[in-house]
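Chemist: Just so you know, the sequences run in chain order U and V. Per this note's numbering, the first sequence starts with residue 3, numbered consecutively. Per this note's numbering, the second sequence starts with residue 491, numbered consecutively.
Hints listed in this document are in silico derivations from the structure and should not be mistaken for laboratory results. Where hints are given, some of them may not hold.
As the list claims (entries may be wrong) - Straight-line alpha carbon distances no greater than 20 Å define the calculated EDC-like cross-link-like pairs of lysine to aspartate or glutamate that follow:
no.	chain 1	residue 1	chain 2	residue 2
1	U	K115	U	D88
2	U	K142	V	E626
3	V	K541	U	E189
Claimed, not checked - Here chain U is said to cover these stretches of chain V; the calculated rule only asks that three of the stretch's residues, wherever they fall, bring their Cβ under 8 Å from a Cβ of chain U:
no.	segment
4	497-511
5	596-608
6	618-631
What you are looking at is a predicted structure, and each value in this text was computed from that prediction instead of being measured. Backbone N, C-alpha and C fix where the C-beta goes; we use that ideal spot for every residue, glycine too.
What follows is the residue order along each chain.
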Amino acid sequence: MIPVFVAVGLGVAALLGTTVYFWDNMFDSKSSKKNWDGKRIAVLGSREVGKSTLFDFLQNQKIDLNKSYEQTRSVRKIDNMEVNIDGASLRISTSYDVGGGEISHRTWLDQIKESDYIFYLLDANKVMNSDRIHINEIKKDMAAIQKQIVSYTNKKVFLIATKSDCHKQYNTSGFEDKLMNKSIILETILNLGGIERCKLIVGSLSSTNEAKNLVKQFLNTDI
Amino acid sequence: MKKSAEFKPIYIWAQAKDNVSKDDFFEISNAGTKKIGELDIIQRTVYEMNKVVEASYSSKNSSLKHKVLSYLSKHIKDFESLSINRKGEKVVLSFGTKDIDRAERASNIDVFLDLNNIDSSNISEYVKYFYEGFMEFCNVTDRHPFDLENINTAKFESILENSLLKKTLSSLPESIARNSTYLVIIFVILIVYIMIATR
């Protein structure tokens with residue numbers, strides 16, 4: 003009997019080990035490195051959607067809940083940002099974190115021009131709750147950047163829905179589909195070049211683990 | 491002394507504390523201090539401000555002038571709540587405040603100066619021009635830049651006396667010079683002016 007338990011135990015350990023190995027390997031794939039190494043990114047979006055939190059996470063790979071933030075009003079730029087997550091190491095050449103709101107739209111256009119990948123963040127919880135103010139902000143943002151994004155056919159866009167954890171249906175099956183079916187999401191994807199160029203990423207930046215999961219999603223995206 | 495009519499407008503920007511309403515964006519000019527509502531003007535000005543901030547990234551940590559500023563900042567309490575970015579004669583001052591937004595982030599005040607046409611003969615008048623407009627902005631918008639009364643005035647004055655600022659400071663009325671808030675603003679504008687003049 004004991005040898006059976008030992009065999010089962012070894013089997014489970016081997017399975018877990020393989021899973022962990024392949025998870026890291028999958029993340030640290032050549033395609034991921036090829037896609038991201040040396041690239042320039044711009045983090046855009048309305049106010050309070052987590053732009054600076056994502057920017058800081060990429061830089062430090064942790065979410066510091068005690069960190070005190072300032073409203074981002076100008077451009078934060080970091081050269082040669084090393085992103086190390088679960089053994090994967092990527093070098094992003096230049097990253098821009100830009101203030102939100104229509105007041106900064108003119109600056110956004112420069113950052114779009116200067117970047118290979120555009121991250122446009124929105125608040126999933128507000129979208130799910132059909133928050134009129136946030137939806138209007140997104141529409142204004144799209145009106146300001148849509149032409150520029152579409153004109154650069156080589157730029158990829160990630161539509162990143164943050165704060166999903168604030169919604170009660172987060173982590174239930176079909177949450178992503180429900181979000182995807184919101185007209186503002188469909189409209190935004192179309193404005194950002196359609197599904198060929200714009201990938202929806204759904205998650206949260208409320209903790210280091212949540213942020214890791216979110217970042218892994220876009221790092222693993224085949225673009 | 492040059493007439494204040496020759497001073498370029500100064501722009502002051504503080505983001506809305508609820509992050510949804512219109513931001514507080516004001517212009518100080520010789521006609522007075524007024525709120526700016528035209529989005530196009532605001533976007534253009536913010537764009538220029540961002541260019542100044544961005545340009546400062548590359549010059550920081552490398553210039554002697556920056557080292558001088560770092561040295562002085564160690565001697566003045568609360569000076570770290572103020573950051574200075576410069577590109578040519580364009581300057582962005584960012585004042586730390588006690589104000590926080592609804593996401594509990596600090597809501598600071600940015601000021602955009604164009605020091606073209608400012609020289610030793612009119613700098614004290616320019617400081618007054620700025621100070622009065624800045625205070626009016628704070629009153630009207632209920633903004634609270636960090637109280638600079640904590641500055642160790644004696645040390646500050648001795649720094650000034652040992653620096654290039656002595657000559658200009660002596661031309662200011664004593665009562666004004668004793669106001670520490672005023673002194674810091676004078677100091678900042680002077681140091682930026684000297685940085686540009688000695689470039």
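Chemist: Next step is simple, just say for each hint if it's right about the structure.
Modeler: Hint check results:
1. U:K115 / U:D88: At roughly 31 Å apart (the allowed maximum being 20 Å), D88 (chain U) and K115 (chain U) break the hint.
2. U:K142 / V:E626: Roughly 32 Å separates the two Cα atoms, so the pair is violated.
3. V:K541 / U:E189: Distance of about 32 Å is beyond 20 Å: violated.
4. 497-511: holds (count 4)
5. 596-608: Answer holds; 4 residues pass the 8 Å Cβ test.
6. 618-631: Violated: only 0 residues of the segment 618-631 of chain V have a Cβ under 8 Å from chain U.
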